[in-house]
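There are 2 protein chains.
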Amino acid sequence: MELAMIGDEIVPLGELQSVYLDRGTYFGDGVYEVIRSYDGKIFALDEHLKRFADSLAAIEITRLDIEQIRRHICKAFEAAEISNAKIYFHVTRGSSLRKHVWGPDIKPNFFLTITELEDCSQEKSQGIAVSTHPDWRWKRCDIKSLNLLANVLARRDAEKKGCAEAILVNDQGYITEGGGSAFFAIFGNYLQTSPLTVNILPSITRKYVLKAANSIGLEVVEQLFTPAQAGSADELFIAVTTKDIIPVVSFDGKPVRDAKPGRNTKLLMKTFQDFTR
Amino acid sequence: MELAMIGDEIVPLGELQSVYLDRGTYFGDGVYEVIRSYDGKIFALDEHLKRFADSLAAIEITRLDIEQIRRHICKAFEAAEISNAKIYFHVTRGSSLRKHVWGPDIKPNFFLTITELEDCSQEKSQGIAVSTHPDWRWKRCDIKSLNLLANVLARRDAEKKGCAEAILVNDQGYITEGGGSAFFAIFGNYLQTSPLTVNILPSITRKYVLKAANSIGLEVVEQLFTPAQAGSADELFIAVTTKDIIPVVSFDGKPVRDAKPGRNTKLLMKTFQDFTR
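Top to bottom, those sequences are chains D and Z.
In case it helps, this note's numbering puts the first sequence at residues 1 to 277.
In case it helps, this note's numbering puts the second sequence at residues 1001 to 1277.
Misleading hints may appear alongside valid ones.
Derived pair list, reagent style SDA-like, types lysine to any residue, alpha-carbon separation capped at 20 Å [unchecked claim]:
no., chain 1, residue 1, chain 2, residue 2
1, D, K160, Z, P1104
2, D, K86, Z, V1011
3, D, K99, Z, D1119
4, D, K161, Z, I1059
5, Z, K1160, D, R63
6, D, K99, Z, K1243
7, Z, K1099, D, V34
8, D, K75, Z, I1010
9, Z, K1243, D, E2
10, D, K75, Z, L1016
11, D, K207, D, E47
12, D, K211, D, R51
13, D, K266, D, R277
14, D, K107, Z, R1156
15, Z, K1139, D, T176
16, Z, K1107, D, I6
17, Z, K1099, Z, L1013
18, Z, K1075, Z, D1039
19, D, K75, Z, E1002
20, Z, K1211, Z, Y1038
21, Z, K1041, Z, Y1088
22, Z, K1086, D, Y20
23, Z, K1041, D, M1
24, D, K139, Z, G1173
25, Z, K1050, Z, D1142
26, D, K99, Z, Y1088
27, D, K86, Z, M1001
28, Z, K1086, D, D8
29, D, K243, D, P202
30, Z, K1050, Z, R1140
These are computed hints drawn from the structure, not numbers from a lab.
Bound conformation, chain D alone (with noise of 0.2 Å):
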């Protein structure tokens, strides 16, 4: 008789729930996206949901409604009555006996969570600390997948290291991203970061803080940098959907400058603000 175990418990075969045989479970199969919300209004929601189509696209998952996605998201943060929320969702290929390739039949599955956010507020006015790990991701990392160990292992090391947040290096020994952030450096009066090239995610939150570069009169320079050359910037900073920007104290164990968010840093948290308004 064919079976599974859960735990100890042993199960026919044909009475498995569905979701046991998930093909993000077994292979990371599904694409997800992580939205916020600020005072009651979902940010970005459009950007995101176009990310997603390239997501689904990119691995060919199809006959997948985008607008279908849009009122499930609409739905479920009217019902949660959350102000500031947190919206995690994602789409996996859907279930079926582990087989790398897939069948013409299979149906997606969608799975969405909203909860509070975290209060940041702490992490906003003293700033973190990171340290840098190799960066041992897939070579496809524009593709926003549910393949995340490389990240779970590089921040797992930034936590034994007190560090709130790893920076990826590459094997030509530059920076890529963050485990879960875009990744900035402020030298005098221009803003560096990695350009969007096809192992960068294309963050939403780094197209606003460019935005927020532009409008402050900071230079923009899409182009990679060294963690030498991020340890002798003026400002270092990361940013992320759930949190938007955070300054950068200490890297690699050493501080920045005097230890405290840069005063261009801060400019741009305010003016991100106002996007979000």
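Knowing the structure of chain D, use the given hints to seat chain Z on it.
Below, chain Z alone, put in the same frame as chain D:
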């Protein structure tokens, strides 16, 4: 109210089944093995458990008794009463609200299936076609993790080309291994395959193939080779737990010699079979 949505159904977050919070799905944060039995006897169980323990240690899933896993497998195998069985199992770090870094109290989830092995006699007698694909996988393929989207996409590409397996080629232009198998070439009197480096899965079937090569007098060369070199080989084959050795008779659309399983490959298949008795 914090909530989840499964398909179009809203569930209060507190009532969500823990399987929906499995880090295996969120991050591919888990490791797996595939074992098989030949005529009622599990093959190479110790080696698979050893590799599984190595994978668990590499991603810091601790507090798990490998002997308990062995007992689970044996109990399920006895209950299934399938002579030629495919035994799949994985352990994920556990279930919790999505956050890259895990808490100290998280408890690993064990999951296993036992199914009938698919018949591969035609593949064995006629051989298969394979095609190359860029190796998009992460940089720790020595860990048998659930981050397999690169493998899925490569095998999907192979399927579109009418091929049964994708042969992965790294940035330096060398073959690493198959999307779900080890890959071998025979040139005259020697058998060549990739060396076991940090980005190659230490295949257990590979180990038995090399043993078989020794016993039939083939010299073994563990050295990288290119698709062009593979295309000019006398014989090619893949090796994988569920099917052991499968001859490759077409490589990137071109026949391998006379497009029939080679003499040495057939000898290796026979010798391998002897190990399983």
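For each hint, the structure was consulted:
{"no.": "1", "hint": "D:K160 to Z:P1104", "verdict": "holds, 13 Å"}
{"no.": "2", "hint": "D:K86 to Z:V1011", "verdict": "holds, 16 Å"}
{"no.": "3", "hint": "D:K99 to Z:D1119", "verdict": "holds, 14 Å"}
{"no.": "4", "hint": "D:K161 to Z:I1059", "verdict": "holds, 17 Å"}
{"no.": "5", "hint": "Z:K1160 to D:R63", "verdict": "holds, 19 Å"}
{"no.": "6", "hint": "D:K99 to Z:K1243", "verdict": "holds, 14 Å"}
{"no.": "7", "hint": "Z:K1099 to D:V34", "verdict": "holds, 12 Å"}
{"no.": "8", "hint": "D:K75 to Z:I1010", "verdict": "holds, 9 Å"}
{"no.": "9", "hint": "Z:K1243 to D:E2", "verdict": "holds, 19 Å"}
{"no.": "10", "hint": "D:K75 to Z:L1016", "verdict": "holds, 18 Å"}
{"no.": "11", "hint": "D:K207 to D:E47", "verdict": "holds, 10 Å"}
{"no.": "12", "hint": "D:K211 to D:R51", "verdict": "holds, 18 Å"}
{"no.": "13", "hint": "D:K266 to D:R277", "verdict": "holds, 18 Å"}
{"no.": "14", "hint": "D:K107 to Z:R1156", "verdict": "holds, 17 Å"}
{"no.": "15", "hint": "Z:K1139 to D:T176", "verdict": "holds, 15 Å"}
{"no.": "16", "hint": "Z:K1107 to D:I6", "verdict": "holds, 13 Å"}
{"no.": "17", "hint": "Z:K1099 to Z:L1013", "verdict": "holds, 15 Å"}
{"no.": "18", "hint": "Z:K1075 to Z:D1039", "verdict": "holds, 17 Å"}
{"no.": "19", "hint": "D:K75 to Z:E1002", "verdict": "holds, 13 Å"}
{"no.": "20", "hint": "Z:K1211 to Z:Y1038", "verdict": "holds, 19 Å"}
{"no.": "21", "hint": "Z:K1041 to Z:Y1088", "verdict": "holds, 15 Å"}
{"no.": "22", "hint": "Z:K1086 to D:Y20", "verdict": "holds, 17 Å"}
{"no.": "23", "hint": "Z:K1041 to D:M1", "verdict": "holds, 16 Å"}
{"no.": "24", "hint": "D:K139 to Z:G1173", "verdict": "holds, 15 Å"}
{"no.": "25", "hint": "Z:K1050 to Z:D1142", "verdict": "holds, 13 Å"}
{"no.": "26", "hint": "D:K99 to Z:Y1088", "verdict": "holds, 11 Å"}
{"no.": "27", "hint": "D:K86 to Z:M1001", "verdict": "holds, 12 Å"}
{"no.": "28", "hint": "Z:K1086 to D:D8", "verdict": "holds, 18 Å"}
{"no.": "29", "hint": "D:K243 to D:P202", "verdict": "holds, 17 Å"}
{"no.": "30", "hint": "Z:K1050 to Z:R1140", "verdict": "holds, 17 Å"}
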